[in-house]
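Number of protein chains: 2
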Amino acid sequence: MSIHFQIEARSGAARSGRLITPHGEIETPVFMPVGTLGSVKGVSQDILEELGVQILLGNTYHLYLRPGVEQVRNLGGLHRWMAWPRALLTDSGGFQVFSLTDLRKVTEEGVTFRSHLDGSSHFFSPERAMEAQIGLGADIIMAFDECTEYPADAGRMRASMELTLRWAERSKRHFEDHKQEVPWPKTHLAPDGPVRGSLHKPAHRVERSSAAFVAPASFLDSTQSLFGIVQGGMDRELRKQSAERTIAIGFPGYAIGGLSVGEPRALTREVVESTLEHLPSDQPRYLMGVGTPEEIVEYANLGIDMMDCVLPTRAARHGLLFTSEGKISIKQARYAGDEAPLDPNCGCRVCRRYPRAYLRHLYAANEVLAQVLNTVHNLSFYLDTMRAVRHSILLGKEAGSPCVRSRPKP
Amino acid sequence: MSIHFQIEARSGAARSGRLITPHGEIETPVFMPVGTLGSVKGVSQDILEELGVQILLGNTYHLYLRPGVEQVRNLGGLHRWMAWPRALLTDSGGFQVFSLTDLRKVTEEGVTFRSHLDGSSHFFSPERAMEAQIGLGADIIMAFDECTEYPADAGRMRASMELTLRWAERSKRHFEDHKQEVPWPKTHLAPDGPVRGSLHKPAHRVERSSAAFVAPASFLDSTQSLFGIVQGGMDRELRKQSAERTIAIGFPGYAIGGLSVGEPRALTREVVESTLEHLPSDQPRYLMGVGTPEEIVEYANLGIDMMDCVLPTRAARHGLLFTSEGKISIKQARYAGDEAPLDPNCGCRVCRRYPRAYLRHLYAANEVLAQVLNTVHNLSFYLDTMRAVRHSILLGKEAGSPCVRSRPKP
Chain Y
9 MSIHFQIEAR
19 SGAARSGRLI
29 TPHGEIETPV
39 FMPVGTLGSV
49 KGVSQDILEE
59 LGVQILLGNT
69 YHLYLRPGVE
79 QVRNLGGLHR
89 WMAWPRALLT
99 DSGGFQVFSL
109 TDLRKVTEEG
119 VTFRSHLDGS
129 SHFFSPERAM
139 EAQIGLGADI
149 IMAFDECTEY
159 PADAGRMRAS
169 MELTLRWAER
179 SKRHFEDHKQ
189 EVPWPKTHLA
199 PDGPVRGSLH
209 KPAHRVERSS
219 AAFVAPASFL
229 DSTQSLFGIV
239 QGGMDRELRK
249 QSAERTIAIG
259 FPGYAIGGLS
269 VGEPRALTRE
279 VVESTLEHLP
289 SDQPRYLMGV
299 GTPEEIVEYA
309 NLGIDMMDCV
319 LPTRAARHGL
329 LFTSEGKISI
339 KQARYAGDEA
349 PLDPNCGCRV
359 CRRYPRAYLR
369 HLYAANEVLA
379 QVLNTVHNLS
389 FYLDTMRAVR
399 HSILLGKEAG
409 SPCVRSRPKP
Chain U
9 MSIHFQIEAR
19 SGAARSGRLI
29 TPHGEIETPV
39 FMPVGTLGSV
49 KGVSQDILEE
59 LGVQILLGNT
69 YHLYLRPGVE
79 QVRNLGGLHR
89 WMAWPRALLT
99 DSGGFQVFSL
109 TDLRKVTEEG
119 VTFRSHLDGS
129 SHFFSPERAM
139 EAQIGLGADI
149 IMAFDECTEY
159 PADAGRMRAS
169 MELTLRWAER
179 SKRHFEDHKQ
189 EVPWPKTHLA
199 PDGPVRGSLH
209 KPAHRVERSS
219 AAFVAPASFL
229 DSTQSLFGIV
239 QGGMDRELRK
249 QSAERTIAIG
259 FPGYAIGGLS
269 VGEPRALTRE
279 VVESTLEHLP
289 SDQPRYLMGV
299 GTPEEIVEYA
309 NLGIDMMDCV
319 LPTRAARHGL
329 LFTSEGKISI
339 KQARYAGDEA
349 PLDPNCGCRV
359 CRRYPRAYLR
369 HLYAANEVLA
379 QVLNTVHNLS
389 FYLDTMRAVR
399 HSILLGKEAG
409 SPCVRSRPKP
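Here the protein sequences come in this chain order: Y and U. Sequential numbering of the first sequence, starting at 9, is according to the working numbering. Sequential numbering of the second sequence, starting at 9, is according to the working numbering.
By construction, these hints were calculated from the structure, which means they are not laboratory data. Hints should not be assumed to be uniformly reliable.
Remember, identical chains collapse to one label, so a pair may be satisfied in a single copy or spanning two.
What the hints assert, rightly or not - The list that follows gives simulated cross-link-like pairs (lysine-lysine, DSS-like), each with its CA atoms no further than 27 Å apart:
(1) K248 / K339
(2) K113 / K194
(3) K49 / K194
(4) K405 / K339
(5) K187 / K335
(6) K113 / K180
(7) K194 / K405
(8) K335 / K49
(9) K405 / K49
(10) K248 / K49
(11) K405 / K113
(12) K248 / K180
(13) K194 / K339
(14) K180 / K194
(15) K339 / K49
(16) K113 / K339
(17) K405 / K187
(18) K187 / K339
(19) K49 / K180
(20) K339 / K180
(21) K335 / K405
(22) K113 / K335
(23) K248 / K335
(24) K405 / K180
This one's a predicted model, so the numbers in the text were calculated from it and none came from an experiment.
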């Protein structure tokens, strides 16, 4: 057994549960921070643990280019290489390659693309993408898909969906044939003790963090889990077909891909909702690449279990901060003399300590600490939002707006 | 009373003691990390506390330009503004202005200089530098001096030294007339409880960190402390005169300035040694702007109590890491597959967790986390080095090379 999903509460279409992976349990619905190159930009892994991050996302395309799959494999996979004992997910590289509009060429076999770093030529196919993701060794990996552009006409949407289905079969076949090659050291998964997260002697922090999860005996010979991806553009009928035929291939979890590619938000919601009708209700459902704090609440209410997005981390780097009182652009001069915490309702280590005036100064002076602190706060806000959503579901209520808690009495 | 220095052990010329300030105790000899703009680049204040930093240095020139003294003063001074409850020291701006070779003009009255940011014209005098430093509100502030360039002829060295002496008198006069204007909130210095370091309600971390120091009742009306600076170029006789005449003006501590300006290291040491002979043995002695790990040990052995240098933080940003086994340039390809910790003898949160391969990747991929982790390690190495020096002095031994501890048995 390599993954186990158990739903513990439902409220309307929403559900809350646990996704158990070889590297730890994940409470769902979950927001997965993005660590493109094996790092959530500016934030150390111990701070991510403290924030309660249970699963991180890495980008196969980026890691394939730097440092290269071999280097990570030789160290025993991403967990050991980046010293992250908890769960990891990698995308397949399909979406990243899709973004290289002028640098790629798609054929039945796969995609030839040029590196955004040095223009060097590379080739990704379902087999190559599986090989890369097995070498990287995330707990959950994704089928190699073609992300259909928006807008696209009916013929293009269908052709693209069919290609993704053929690639899904090839992805699964290659994965099944090679999944034993995952480079996890066996000590990682020892059945009789905590998962070993650290490369070195047990250290205080790592011990503390990894002790929370003891891998069940059934995980001793565990491998990664490959999720399928539903495509089909913005067409309800194609989404239905894509879902049914992807399920027919058979995966332990299903993602909805091809959204957040420029379409209006109302359309995104419509496609998510209609696609969800056709996904198995007892398996994890992952909506790729969303969203704002309001959107992640909305999609969790629709029955999505997993989401990822660069928004909280990227916005932080541009000084855009999410708070219980709305969005703040910390660069504004009005904050220069403001001694209040960033968000008076937030308990993160940034809001507990620093006045807005200081955060504004750090941003205006281009200090690296601005990026660090802003990212910690935005991630904390997203994770608190999802925590509140899970709490609402457990109470049998639909979750409300993100993290608008009543202010403490003065 | 605003500062109290007590020597607790001596070994040869070296001494170990405590410098008690309105914002906490400092164990000496101490290395003071540099937080130019009110931030040790990339490192959050709570991590600095965890590293055991007891005093930080800020640069008046930089803070005067950004965010400006008014903004800091209005928030109650640097401690509250940057949420740092422990001790702070600011330089006078003299050295920074000295570095603006082509952008400054020195007269008897003071220095006219152009901002390195926007070319705007500014004027610093002893009075202006005191005004700025009182507004910033560090525990220890520095007289406005002229840092003599190297090399300089005898006439130039003497003229510069005489100017610094006249400026020291003016600095002291202005400070004595205005020291009550320091913007510290009185609650900062409450005699019946811990120093309040946080702007907000007591938060876990801040409480924990500041609880270590309870301000004595005598600190209730305390002010800042102004240190004098000895100049005199590389001339022993001028250094002697400068020391004697600065002492005659009278300060609670003395710095040796005008070194590390391009002269050979042997000459630095010679000047330090000869200047120390003329400084009071019962007052703190601060050597400005040094040095390497070897040098800070050497100067502590000569009897220096305080040092600061951008080397550990700046080198970190260039991937140069100090370890018990020598300097490491983490960018080198040889570390790409290296699963050992950066320094097997170091217990910092970076060495406890990450393999060199990952640190090398972060640096090569220009990830912000590289700067964060490298800085944490280098500071940890410097602070460990000084801790070992203090330990040696307490044991009555001369301190040896920095942090070369025996490796643990396998």
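Do the hints match the structure? See the list:
When the C-alpha separation of K248 and K339 is checked against a cutoff of 27 Å, the pair qualifies neither within a copy, at 45 Å, nor between copies, at 50 Å. Taking the shortest Cα distances, K113 and K194 never come within 27 Å of each other, neither inside one copy (40 Å) nor across copies (68 Å). Proximity of K49 to K194 under the C-alpha cut-off of 27 Å is found in neither arrangement, the shortest distances being 30 Å within a copy and 39 Å between copies. In this assembly of identical chains, K405 and K339 lie within 27 Å of each other by CA distance neither inside one copy nor across copies; the values are 37 Å within and 52 Å between.
Neither within a single protomer nor between protomers do K187 and K335 lie at most 27 Å apart by alpha-carbon distance, with minima of 44 Å and 41 Å respectively. Proximity of K113 and K180 under a CA criterion of 27 Å is satisfied intra-copy only: 23 Å inside one chain copy versus 73 Å between copies. Taking CA atoms no more than 27 Å apart as the test, K194 paired with K405 passes in neither setting, with 42 Å inside one copy and 48 Å between copies. Taking CA atoms no more than 27 Å apart as the test, K335 paired with K49 passes in both settings, with 21 Å inside one copy and 26 Å between copies.
In this assembly of identical chains, K405 and K49 lie within 27 Å of each other by CA distance neither inside one copy nor across copies; the values are 35 Å within and 45 Å between. When the C-alpha separation of K248 and K49 is checked against a cutoff of 27 Å, the pair qualifies neither within a copy, at 37 Å, nor between copies, at 52 Å. In this assembly of identical chains, K405 and K113 lie within 27 Å of each other by CA distance neither inside one copy nor across copies; the values are 48 Å within and 70 Å between. Taking the closest pair of Cα atoms, K248 and K180 come within 27 Å of each other only inside a single copy of the chain (20 Å); across copies the shortest separation is 81 Å, beyond that limit.
In the homo-oligomer, the alpha carbons of K194 and K339 never lie at most 27 Å apart, since the shortest distance is 49 Å inside one protomer and 31 Å across protomers. Proximity of K180 to K194 under the C-alpha cut-off of 27 Å is restricted to the intra-copy arrangement: shortest distance 24 Å within a copy versus 68 Å between copies. Taking the shortest alpha-carbon separations for K339 and K49, both the intra-copy value of 20 Å and the inter-copy value of 18 Å come in at or below 27 Å. Taking the shortest alpha-carbon separations for K113 and K339, neither the intra-copy value of 41 Å nor the inter-copy value of 34 Å comes in at or below 27 Å.
Within a single copy, K405 and K187 get their C-alpha atoms no closer than 40 Å, and across copies no closer than 60 Å, so neither meets the 27 Å cut-off. Taking identical chains as interchangeable, the C-alpha atoms of K187 and K339 are never at most 27 Å apart, the minima being 48 Å within one chain and 33 Å between chains. Taking the shortest alpha-carbon separations for K49 and K180, neither the intra-copy value of 32 Å nor the inter-copy value of 46 Å comes in at or below 27 Å. With identical chains, the CA atoms of K339 and K180 are never at most 27 Å apart, being 48 Å at best within one copy and 38 Å at best between copies.
Taking the closest pair of Cα atoms, K335 and K405 come within 27 Å of each other only inside a single copy of the chain (26 Å); across copies the shortest separation is 58 Å, beyond that limit. When the C-alpha separation of K113 and K335 is checked against a cutoff of 27 Å, the pair qualifies neither within a copy, at 40 Å, nor between copies, at 46 Å. In this assembly of identical chains, the alpha carbons of K248 and K335 never lie at most 27 Å apart, being 36 Å within a copy and 60 Å across copies at closest. Taking the shortest Cα distances, K405 and K180 never come within 27 Å of each other, neither inside one copy (38 Å) nor across copies (67 Å).
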